[in-house]
Structure formats: structure tokens, C-alpha cells
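From just these sequences and the hints, can you work out the full model?
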Amino acid sequence: MLSTIEPQSTVRTQPQGWSHLDALEAESIFILREVAAECTNVALLFSGGKDSAVVLRLAERAFYPERVPFTLLHIDTEHNFPEVIEFRDRMAHERGLRLVVRSVGDSIRNGRVRLRKADESRNPHQSVTLLDAIAEFGFDACIGGARRDEEKARAKERVFSFRDEFGQWDPKNQRPELWSLYNGRVRPGENIRVFPISNWTELDVWQYIRREGIELPSIYFAHRRAVVRRGSALVPVTELTPPHADESVEELSVRFRTVGDITCTAPVESAADAIEKIIAETAAATLTERGATRLDDQTSEASMEQRKKEGYF
Amino acid sequence: MSARELLPEAQLEDHGLLRFLTCGSVDDGKSTLIGRLLLDSKGLLADQITGLEAASRRRGLPEIDLSLLTDGLLAEREQGITIDVAYRYFATPARKFIIGDSPGHAQYTRNMVTAASTADVAVLLVDARHGLQPQTRRHAYLARWVGIPRVVLAVNKIDLVDDARGAFERIRTQFHQFATGLGFAEVREIPLSALRGDMVVERGDVLRWYRGPTLLQYLESAPARHDEQAQPLRFPVQRVVRVAGGNAQPGSGYEIGEFRGYQGTIASGRVHLGDAVVALPAGTRAHVTEILTPDGPLQQAGADMAVTLRLDTQIDLSRGDLLAAEDALPYHGQDIAAEVCWFDGEPLVPERPYLIKHGCATVRARFAALDHRIDVDSLRLVERPQTLHMNDIARVQLRAQHPLAVDPYTSNRTTGAFIIIDEATNRTVAAGTVR
Ligand SMILES: Nc1nc2c(ncn2[C@@H]2O[C@H](COP(=O)(O)OP(=O)(O)OP(=O)(O)O)[C@@H](O)[C@H]2O)c(=O)[nH]1
Chain A
83 MLSTIEPQST
93 VRTQPQGWSH
103 LDALEAESIF
113 ILREVAAECT
123 NVALLFSGGK
133 DSAVVLRLAE
143 RAFYPERVPF
153 TLLHIDTEHN
163 FPEVIEFRDR
173 MAHERGLRLV
183 VRSVGDSIRN
193 GRVRLRKADE
203 SRNPHQSVTL
213 LDAIAEFGFD
223 ACIGGARRDE
233 EKARAKERVF
243 SFRDEFGQWD
253 PKNQRPELWS
263 LYNGRVRPGE
273 NIRVFPISNW
283 TELDVWQYIR
293 REGIELPSIY
303 FAHRRAVVRR
313 GSALVPVTEL
323 TPPHADESVE
333 ELSVRFRTVG
343 DITCTAPVES
353 AADAIEKIIA
363 ETAAATLTER
373 GATRLDDQTS
383 EASMEQRKKE
393 GYF
Chain X
2 MSARELLPEA
12 QLEDHGLLRF
22 LTCGSVDDGK
32 STLIGRLLLD
42 SKGLLADQIT
52 GLEAASRRRG
62 LPEIDLSLLT
72 DGLLAEREQG
82 ITIDVAYRYF
92 ATPARKFIIG
102 DSPGHAQYTR
112 NMVTAASTAD
122 VAVLLVDARH
132 GLQPQTRRHA
142 YLARWVGIPR
152 VVLAVNKIDL
162 VDDARGAFER
172 IRTQFHQFAT
182 GLGFAEVREI
192 PLSALRGDMV
202 VERGDVLRWY
212 RGPTLLQYLE
222 SAPARHDEQA
232 QPLRFPVQRV
242 VRVAGGNAQP
252 GSGYEIGEFR
262 GYQGTIASGR
272 VHLGDAVVAL
282 PAGTRAHVTE
292 ILTPDGPLQQ
302 AGADMAVTLR
312 LDTQIDLSRG
322 DLLAAEDALP
332 YHGQDIAAEV
342 CWFDGEPLVP
352 ERPYLIKHGC
362 ATVRARFAAL
372 DHRIDVDSLR
382 LVERPQTLHM
392 NDIARVQLRA
402 QHPLAVDPYT
412 SNRTTGAFII
422 IDEATNRTVA
432 AGTVR
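Listed in order, the protein sequences are those of chains A and X.
Each residue of the first sequence is one higher than the one before, counting from 83 in the numbering used here.
Each residue of the second sequence is one higher than the one before, counting from 2 in the numbering used here.
One thing to keep in mind: the hints can contain errors.
As the list claims (entries may be wrong) - Simulated restraints, written as ranges between beta carbons of each label pair:
no., chain 1, residue 1, chain 2, residue 2, range
1, X, 380, A, 218, 52 to 60 Å
2, X, 381, A, 295, 55 to 63 Å
3, X, 213, A, 300, 23 to 31 Å
4, A, 180, X, 297, 25 to 33 Å
5, X, 425, A, 311, 55 to 63 Å
6, X, 273, A, 295, 24 to 32 Å
7, X, 76, A, 314, 25 to 33 Å
8, A, 295, X, 132, 30 to 38 Å
9, A, 182, X, 256, 20 to 28 Å
10, A, 200, X, 258, 54 to 62 Å
11, X, 246, A, 297, 24 to 32 Å
12, X, 425, A, 182, 30 to 38 Å
13, X, 258, A, 334, 50 to 58 Å
14, X, 246, A, 182, 56 to 64 Å
If you're looking for bench data, these hints aren't it; they were derived computationally from the structure.
In this text, all values refer to a predicted model and were calculated from it rather than measured experimentally.
Glycine included, C-beta positions come from ideal geometry on N, C-alpha and C.
This is how it looks when you write it as C-alpha cells:
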């Protein structure tokens, strides 16, 4: 079959040593420097997860030798894995960065967020707390580690994504974004969400973590954990997520592909206790990151878009 | 052949990145083509396929509708059209790809241009039954205008025409005539059926008369843009970095003393230690004393690298200025001849000043003259338009408030490009290329 093909030139113009990671890194650094230059009061959303750890490292590289000129902001659901919180605090401390934590729990206690059920996921309610924090500190830009390969609505979003005074995203009317000429102009009360690793995939993130030797919370690596099987997912057994009466608890070797709110983050079965093994598994994965590990996004085709319109990251 | 089965780590590295977009008129099958490309190259994961099947069933479709994969917005799925670019990522053993799936509707042309501005290859779709449409020509023109060197005309829905070969040859001839005038480095035509998959990843059985590459084969071998042609140095200063009084990164080695440098990404050329550079628009001269990265100092650095430069003399240099090779300075001045594409629903008001963002500089400018509008269907020039409406492309003269250092877009895609922002709304209302 191949014999019918016309001869093709196989010229590659990549110079020696310019890998796809170099290209992605350079793009991200340009974006981070652009936010710092165009915006005055910038928050970097830092949850302690792998994507935010990568963005933080990119920022260190972008501004070196200057300290990262951003405030770290964590919108905390209070349903955290302790390893992640320890990591979050230590990262900020070691780098001499200001860390601001604002809690969804406070928003619930002071009536800004009303839950329909006491045990529902707090993840979607992060928007209210985030918008309140933006107003409280007057941030004109917030940097997030979201990637376009994560989800359909994210795949549509600009690198510099404009939010109006209600924190709303208007996906039908985004600013054209040509070349690397980002338009970060806002009026008081409005803000820009900036996504420097928009074009990275999960595999790119892991390869970069290896290349840069980026430290991560231990739960990203395989460890033994008590879990129950619920539907196709594994649910970690914790105080917040106790087993149902009819479920049997197993101890399995698992790792997390994302770490978020305990009540909606599921680990995957894995023996990958080192970065090499995680990369090999990621390259061979048959489920997307969210498909395998998020218990809250699957309810409707449009749940992410809806939340983003309301101010979610 | 499954890309995923063949992806041991070693094969994933360093085959570079190719960015391409799909474009063309409404319903010519862009979203379906991307779905097909991902599906057949095993770029889709099990839960995405399940999701696609479920979504297709909910819509009462007998088979899976591949276009639902990229139409990620509610309004898009409701109306069955693409409104904004969706970016998708996949890799084969040969390469990594970033795809921009762009909308076909004229109303959303600005979103097509958004995807086109960073692409190495344009895959332009045309319906084999209908041939070239005005929107096909517009997209071809715009692809060329943003400097995409290569265009593939994908003659789609070839399964729906009786004389496939004849239809293909007719459209191919027609397109070649049109595209040659535009000056692409390479123009290719491939007959295919996105729906059935012929000539996308697999060759299929029905198009035996066609002997060229499949679409994927072409994309795996097309050159990416990152190249280091012998171009003179252009370094837009993105940021002045000053370290003093305790704002050094802990562990950076700069905790004591002062540091001043210029951060930016090299737009073209190379910079070596000791090189003489000229700061524009001021025109002052200096030498490069250090090329700093977090991994240590470099002897030299090339295009696309993000670095920090230090100079031997304290010159007046700030964000928006340009460092250029001493022996090859760009034009710098206030009068700029450009070709602009107007995006906004509100037409241009020629009497009003607008903001231009060029490189890292933002300056006020006004339209000194509207020379002519280009009719992209016939490529004819319409003299002296009164204003510019959405999707109009025109040659204009701009007068900037401060001098800008610019190159023609054809020789430099960074120093030759700008966007236009309406100060009243902060919207990006147009984009331009320097002539
Ligand atoms: N028979 C046949 N139908 C096709 C082919 N490719 C696409 N279609 C159909 O054409 C219709 C439009 O396809 P889309 O992929 O949504 O078109 P599009 O170009 O993305 O449309 P917009 O994004 O709205 O501009 C759908 O009903 C597809 O199933 C093909 O190769 N053969």
C-alpha cells in the first residue's frame, strides 16, 4: 500500500535540542512575563497539585533571578489531603512567597454559599469564594494551571481570558487572540484569567516534572490506601468519604492523577511509585485524566462550561 | 496501527511540535475530520469515545457524530455549528500535534484567524459536491495573510460524488489557480472522506486512483515553523528585571547586591556574548555582557528562547523597546503601512485613535489613510473605502504616537504583526501585518 505514495521530503527544521518541551516552556514563560508586565496585582492559583506546581516552577524560571512577583492564592474546600496542604505551605514558605488561603467553608458559614445537601461536593462552590477573594485583594489577573486537553469547554478558552465584573466568561464573545499578542486590558472590577499551560497535555506535564525535578505531594506516587469500588471509580476511604454500608473496603496500591477536593477526587490503581513509571502509564492510558479521576464532572455534558460561566476556573 | 501501542517513552521525545488548523466553509466537515483524525490515530481515549456515543444517541443519531468532539460549547451543540476555536492535542510516533478547529461561519472569522495566527499548516476543507465557496477563498487568503506557508486543500465528502476523480481534478485546478496568486510555499490537494475515514489516516479502498500521501502522512512530514533562517537579531524587551533590596529568588545567588537585566523572547536571529546591539527607537548602542537563564549563563542564544540579557552600559531601555543587530536595523518611525483585518461588529471610525499592541509596546495610533480594500473573492482592490466593516481586509497607513521598530511581516512574524484595541471597550477590534 505504501508503494503508491509520492516521495516526501522529511525535512525537519527543529534545531538540535529544541524539543516540544522547550517550545511549550518558552511559550509559557512568555505568557507569565506578559501578565507580570501588563497587570498590577496578580494571583497565581496554587492548590499544591501537579499543574500548579509546574506553573510555579515556570514562573520561577520566567522571573529568575527575581522572586516570583505574584501572590499565591488557594481556594480551599477544607476537604483536603493533608499531604497536599503540607506541600502547599512548604512551597510558599521556601520561596518566600505570600500565600493567601480563602475557604469555601467560610463562604458556607457566612451564608455566601448555600449547599443543597450537607455532603455535596464543595468543588463547584469555589467560584463564589474565588470571586470574593478577587474583590477583597483587588486582583486584576489570576493565573491558573488549567489545560485545554482536560475538558471540552477548556479547549475553547483563550490564554488571556476576559471576565466581566461578575466574574463571568462569555464563550460566544471571546477576544480574538492572535500570535502572542495578548490583550490583558481590564477596567476596575473586571479581571483576566491567564492559562500559561493551556497547550500542555498531561504527558507533557509529567515529562516536564521529570526534566525539572519538580517536587510533588507524595500521593501522586503509588502508595497503599484503603478504598472502595463505586461504579467504575475507586473512592478513598476517609472521614469525609466513609464507605457505604454495602461496600467492602480494600487496600490497594493507588496513585492520584489529580488532587483536589477529597469528596470528588478518585485515585487510580497503579504500581507507579516513580516518575518514569508514571510517564509510561500516562503514555499508555486509556482514560482521560478527568474521566478516570473526577467524580463530579460527568453529570452533564455542559457542567464545566456552566461553572466557568459563573466564575469557576 | 495504534499510536498508543507504539508509544514507548523514547519515541515520544523530541520529534517537535506541528500546529495546524482546519478551516473552510460551514459544514464542509472540519469538526468531523478532526474527530476522524483523532479516532483513527488512537488519539481518543475510551471515556471520550463513550461520551461521544452517548451524546450521539441522545441526539437520535444512528452512528457516532465525530463533530460533537470538538463542538465543546452548549450553543455550538444546540446549533450544530462551531463558534470558536477548539484546540486538540494528539501524538503519533512521529510527532506531536496541536490542532485548532476553527469555525466556518463568516460571523466568526476572527476566531478562525486566531487559530491561523500560530499554525504551521492550514488544512482547508471543501465539499466535493460544491467546490470552492467564497468562504473557502477568504480562509485561503487569511491563511496566507497570517503567513501560514503550507496549505492542504482537503476535498471532503468525496463519498458523495459519482465521479470522484473528475470532481477532485476540477476543484484542484480551480484552487491551484487561485492559491498560486497568493504565494504559499506549498499547496497540496488531498481527496478524502472524513465521515468514512478514506485518506485521513487509512487509505481506504475507494480512492485507489489517488497516489499522494494521506492527510496524516502529510502532517507528519511537513516542516514546522520553528526555524533559524539567517535572520538578524530581534529582541523585544518584555520586561526590565531589577533585583535589589530583598526581591531576589531564594537560592538564586543574587540575594546580595543589585541586578538589572532585560527579559524577553528572541524573535529572530541569534545573540552572542559581546555582540553590539542597538536599542530602538532611541538608537543607543550597547554590548551584550551576559545571557542569563535559570540554568546558568549562555554563550549564545537563538530564536524562540526566553532569556535575560544584560548590557555593558546603562541605556534608557524599557518594555516595548527592541534590541536589534547593529548591522541590520529595522524600519523605525511613526508611519506604518499595513494590511489590516477588521474583526469587530462595530465598524472602524477612521477619525478615532486606537491602541496598537506591537511586540511588547502599546501605543496610540490613528488611521491616516485607507488605501484600498481587498475583495478576497476576486483578489481585486477596491479603492479608498470609507470605513472597514467586520471581516474587511484593507491596506492602510497608520500614524503612531511614538515611533515603532517594525519589519515587514513577510520577513518577521513578531516584529511585523500587531493587534488593534479599542480603548473604549478594550476589545481587540482588528489585527494587522506590516507591509
Ligand atoms: N457524506 C459525508 N458527510 C460528511 C463528511 N464529512 C462531514 N460530513 C457531514 O457534514 C456535516 C457537517 O460536518 P461538520 O464536521 O459539523 O462541519 P464543520 O465544517 O465543522 O461545520 P462548522 O464548524 O459549523 O463550520 C455533518 O453532518 C457531517 O456528518 C464526509 O466525508 N462525507
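Here is how each hint holds up against the structure:
In this structure the hint that residue 380 of chain X and residue 218 of chain A lie 52 to 60 Å apart at CB holds, the actual value being about 55 Å. For the hinted restraint 55 to 63 Å between residue 381 of chain X and residue 295 of chain A, the CB-CB distance of approximately 59 Å keeps it satisfied. A C-beta distance of roughly 52 Å is found between residue 213 of chain X and residue 300 of chain A, which places it outside the suggested range of 23 to 31 Å. The hinted window of 25 to 33 Å between residue 180 of chain A and residue 297 of chain X holds, with their beta carbons roughly 28 Å apart.
Hint check: residue 425 of chain X to residue 311 of chain A, Cβ distance near 57 Å, so the stated range 55 to 63 Å holds. Checking the proposed 24 to 32 Å range against residue 273 of chain X and residue 295 of chain A shows it holds: the Cβ atoms sit about 29 Å from each other. The given range of 25 to 33 Å is respected by residue 76 of chain X and residue 314 of chain A, whose C-beta atoms sit roughly 30 Å from each other. At about 56 Å, the CB distance of residue 295 of chain A to residue 132 of chain X disagrees with the hint of 30 to 38 Å.
Separation of residue 182 of chain A from residue 256 of chain X is about 25 Å and conforms to the stated range, judged on CB atoms against 20 to 28 Å. Distance hint check for residue 200 of chain A and residue 258 of chain X: the Cβ-Cβ separation is about 56 Å, which falls inside the suggested range of 54 to 62 Å. Checked against the given bound of 24 to 32 Å, the beta carbons of residue 246 of chain X and residue 297 of chain A, roughly 29 Å apart, stay inside it. The given range of 30 to 38 Å is respected by residue 425 of chain X and residue 182 of chain A, whose C-beta atoms sit roughly 33 Å from each other.
Taken as a hint, the range 50 to 58 Å holds for the pair residue 258 of chain X and residue 334 of chain A, whose Cβ atoms sit roughly 54 Å apart. A hinted range of 56 to 64 Å for the beta carbons of residue 246 of chain X and residue 182 of chain A is inconsistent with their spacing of about 23 Å.
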